[in-house]
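Those protein sequence lines, which keep their order, are chains X and G. Using the working numbering, the first residue of the first sequence is number 1, and each one after it goes up by one. Using the working numbering, the first residue of the second sequence is number 343, and each one after it goes up by one.
It is possible that part of the hints are untrue.
[As the list claims (entries may be wrong)] Stretches of chain G that chain X covers, calculated by requiring three or more beta carbons in the stretch to come under 8 angstroms of a beta carbon on chain X: (1) 386 to 393; (2) 455 to 468.
[Claimed, not checked] Beyond 10 angstroms from chain X on every Cβ pair, some chain G residues (computed): (3) Q471; (4) V496; (5) N647; (6) E660.
[To be verified] Some but not every residue of chain X turned toward chain G, in silico, with C-beta under 7 angstroms: (7) V27; (8) G31; (9) A134; (10) R149.
Treat the hints as calculated values from the structure; they're not laboratory data. Glycine included, C-beta positions come from ideal geometry on N, C-alpha and C.
There are 2 protein chains.
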Amino acid sequence: MCELKVGDIGEKELLKRLQRFCPLEIVGDDGAVMAIQPGQLLVVTTDVLVNEVHFSDRTTTPEDAGWRAAAANLSDLAAMGALPLGITVGLGLKSDVSVSWTERLYQGMTSCLQQYDTSIVGGDVCRSQVITLAITAFGQVHPSRVIRRSTAHVGDAIVVTGVHGASRAGLELLLHPEVGQNLSNAERAALILAHQRPQPRLDVLPLLWEVLGIKESLSRPSAPYYRVAGMDSSDGLADALVQICQASGVGAKIEQSQIPVPAALKNWVPSSPALEWALYGGEDFELVLCLPPDLATVLVQKLGNDAAIVGTITPNLEVQLSDKTGKNPDQVLTLSRGFQHF
Amino acid sequence: MCELKVGDIGEKELLKRLQRFCPLEIVGDDGAVMAIQPGQLLVVTTDVLVNEVHFSDRTTTPEDAGWRAAAANLSDLAAMGALPLGITVGLGLKSDVSVSWTERLYQGMTSCLQQYDTSIVGGDVCRSQVITLAITAFGQVHPSRVIRRSTAHVGDAIVVTGVHGASRAGLELLLHPEVGQNLSNAERAALILAHQRPQPRLDVLPLLWEVLGIKESLSRPSAPYYRVAGMDSSDGLADALVQICQASGVGAKIEQSQIPVPAALKNWVPSSPALEWALYGGEDFELVLCLPPDLATVLVQKLGNDAAIVGTITPNLEVQLSDKTGKNPDQVLTLSRGFQHF
Numbered sequence: 001m002c003e004l005k006v007g008d009i010g011e012k013e014l015l016k017r018l019q020r021f022c023p024l025e026i027v028g029d030d031g032a033v034m035a036i037q038p039g040q041l042l043v044v045t046t047d048v049l050v051n052e053v054h055f056s057d058r059t060t061t062p063e064d065a066g067w068r069a070a071a072a073n074l075s076d077l078a079a080m081g082a083l084p085l086g087i088t089v090g091l092g093l094k095s096d097v098s099v100s101w102t103e104r105l106y107q108g109m110t111s112c113l114q115q116y117d118t119s120i121v122g123g124d125v126c127r128s129q130v131i132t133l134a135i136t137a138f139g140q141v142h143p144s145r146v147i148r149r150s151t152a153h154v155g156d157a158i159v160v161t162g163v164h165g166a167s168r169a170g171l172e173l174l175l176h177p178e179v180g181q182n183l184s185n186a187e188r189a190a191l192i193l194a195h196q197r198p199q200p201r202l203d204v205l206p207l208l209w210e211v212l213g214i215k216e217s218l219s220r221p222s223a224p225y226y227r228v229a230g231m232d233s234s235d236g237l238a239d240a241l242v243q244i245c246q247a248s249g250v251g252a253k254i255e256q257s258q259i260p261v262p263a264a265l266k267n268w269v270p271s272s273p274a275l276e277w278a279l280y281g282g283e284d285f286e287l288v289l290c291l292p293p294d295l296a297t298v299l300v301q302k303l304g305n306d307a308a309i310v311g312t313i314t315p316n317l318e319v320q321l322s323d324k325t326g327k328n329p330d331q332v333l334t335l336s337r338g339f340q341h342f
Numbered sequence: 343m344c345e346l347k348v349g350d351i352g353e354k355e356l357l358k359r360l361q362r363f364c365p366l367e368i369v370g371d372d373g374a375v376m377a378i379q380p381g382q383l384l385v386v387t388t389d390v391l392v393n394e395v396h397f398s399d400r401t402t403t404p405e406d407a408g409w410r411a412a413a414a415n416l417s418d419l420a421a422m423g424a425l426p427l428g429i430t431v432g433l434g435l436k437s438d439v440s441v442s443w444t445e446r447l448y449q450g451m452t453s454c455l456q457q458y459d460t461s462i463v464g465g466d467v468c469r470s471q472v473i474t475l476a477i478t479a480f481g482q483v484h485p486s487r488v489i490r491r492s493t494a495h496v497g498d499a500i501v502v503t504g505v506h507g508a509s510r511a512g513l514e515l516l517l518h519p520e521v522g523q524n525l526s527n528a529e530r531a532a533l534i535l536a537h538q539r540p541q542p543r544l545d546v547l548p549l550l551w552e553v554l555g556i557k558e559s560l561s562r563p564s565a566p567y568y569r570v571a572g573m574d575s576s577d578g579l580a581d582a583l584v585q586i587c588q589a590s591g592v593g594a595k596i597e598q599s600q601i602p603v604p605a606a607l608k609n610w611v612p613s614s615p616a617l618e619w620a621l622y623g624g625e626d627f628e629l630v631l632c633l634p635p636d637l638a639t640v641l642v643q644k645l646g647n648d649a650a651i652v653g654t655i656t657p658n659l660e661v662q663l664s665d666k667t668g669k670n671p672d673q674v675l676t677l678s679r680g681f682q683h684f
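In isolation and in its complexed conformation, chain X is listed as follows (with noise of 0.2 angstroms):
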């Protein structure tokens, strides 16, 4: 087998075969050029991805490890209650990185965001010992519409978006086929696919300025900022609970049995750490948002499916969390046991 190699073709070939996964109009200059709509915010996060660690040939293809990357991205603009406008690749290779891996990256960033309009507008290559993928995503957000996590109050009731532990449960999948037997096909497939093709809950959004009658304030220019604090579960619903209390000044009270978790988990043999997975897991990109609790009923109904109320925003500064069954000890949760680089 005689692949071709980035190093074969060198940087400027490399670059004219990616730009081929850009819009023609936007590529060919210094920089890419966009228009927003009027009124609203520029919303700008970045994400950097390294080779063994965020992603990895035993468990993702190219085409996963590119949509995974763009989705956290995407993530990270829903998570500010923003709409993409696009996103930039800075990608480092190794010179023996086959031109088709690179490519096949960019058809999964690229699959992942033609769902929603977008696109990659720039980036750039060149030469690292260790294949590095950096994503900056912009999006447009109107001022009303801003999701902070500072802005959390007592009282509020806390949704989550959607089941937690499915991305952690299909890497264990993939990197132990052993596990799991008395999983249906379907369930294992689920959750793989879960852990390969996360999907960003941009599609959240509209439904939640619905419930909150942002389409009358948006007309009345002194209408009163919306109040719902949030972010994503990116890093594991732990760490965004206790992100939020603590830019918010405030604590939680968590009700272990009202967190979603995949039915799947509920036949894993042997017994599966769920509750381990749902709190700590990471990447189920799914939101996380705090909001006053006639508004959060609405909004959980809208949502249908695994979204839920999983508990109240507190005075007292903890993240606690209970299980009225009594099965588990009740719990304090902390950044600490989140996943941390170095």
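Please arrange chain G on chain X, whose structure you already have, making use of the hints.
Relative to chain X, chain G alone:
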């Protein structure tokens, strides 16, 4: 000596320290939120820099590496006619990189950005086997002021905004202190500074707008977009000339004696490859602009110093370099001579 390493403090503590270099009101959420002036377009550009490829402790302090990285991205904005809004920084680090190295890198970026009232608005850090720095810069530009590569017309004069070859000469002095012995200390220092602390030419834009009468046209919605083609010379003057001609479907005739090179290169012993460095050295971060000859003359007068008209856009699809003194043979510039990764 027992310096604190990033592996000692972990990701969250490192991010906390690096956030001190960012505006307080902008960090702390999944993304940064910024306002764009009404009627302006968003411009985005991105660069990936890798240790030992783009910078090296032998020739570059961490402050300088940071400055150069920020300058390169601001230069891309200037090349599009855009003023900066901010940058994001994605940083891949080995665990044994010292915390102070990282902070000094950020200090260098911030020093460069502060000159233009802009700042680091977001970022990400992760573990990597090789230090990698991915910067995305965004700026804003009025639709009538966008500079593109593809709009050069036959008969345009080609303006360079300053000397070329200085950065490459500075690098030579850093790598081989024994060369250029008969340069004055001031000349050595100036060349080294050109390499370590290049200045993006954002200062050119207001002069360009003035020359092109853009103030008037901004008040007339139907005013024709002004006609200037251009890009920066970050990959060398030859690269810029060829890229502009290819994008515009034209050629150029360049007069070698008109290319401004640092006066110090004339005192260089043994004789410096000044033309080679000017054409292919790169990283001078000047602008190369094509516009009608009468306007070009006014622009060069306003720019003063080392700005010059170096040639003319021609219909035949070649970039020809002539020497009216007859000392050097004519040559045709191509893309293949410039620096390529892989």
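These are the hints, each one checked on the structure:
With a cut-off of 8 angstroms between beta carbons, the region 386 to 393 of chain G has 7 residues touching chain X; three or more are needed, and the interface restraint holds. Coverage of a stretch by a chain is defined here by at least three residues with a beta carbon nearer than 8 angstroms to that chain's beta carbons; for the region 455 to 468 of chain G and chain X the count is 6, and the condition holds. The Cβ of Q471 (chain G) sits about 5 angstroms from the closest Cβ of chain X, inside the 10 angstroms cut-off, so the non-interface label is violated. No beta-carbon of chain X is positioned within 10 angstroms of the beta-carbon of V496 (chain G); the least distance is around 20 angstroms.
A cut-off of 10 angstroms between C-beta atoms confirms that N647 (chain G) is not in contact with chain X; the least separation is 23 angstroms. With a least beta-carbon separation of about 18 angstroms from chain X, E660 (chain G) lies farther than 10 angstroms from that chain, consistent with its non-interface assignment. The restraint placing V27 (chain X) at the interface with chain G is violated, with a minimum CB-CB distance near 11 angstroms, outside the 7 angstroms limit. The beta carbon of G31 (chain X) is positioned within 7 angstroms of a beta carbon in chain G (closest approach about 4 angstroms), and the interface hint is therefore held.
Hint status for A134 (chain X): holds, given a least beta-carbon distance of 3 angstroms to chain G, under 7 angstroms. Interface restraint check for R149 (chain X): the shortest CB-CB distance to chain G comes to about 6 angstroms, inside 7 angstroms, so the restraint holds.
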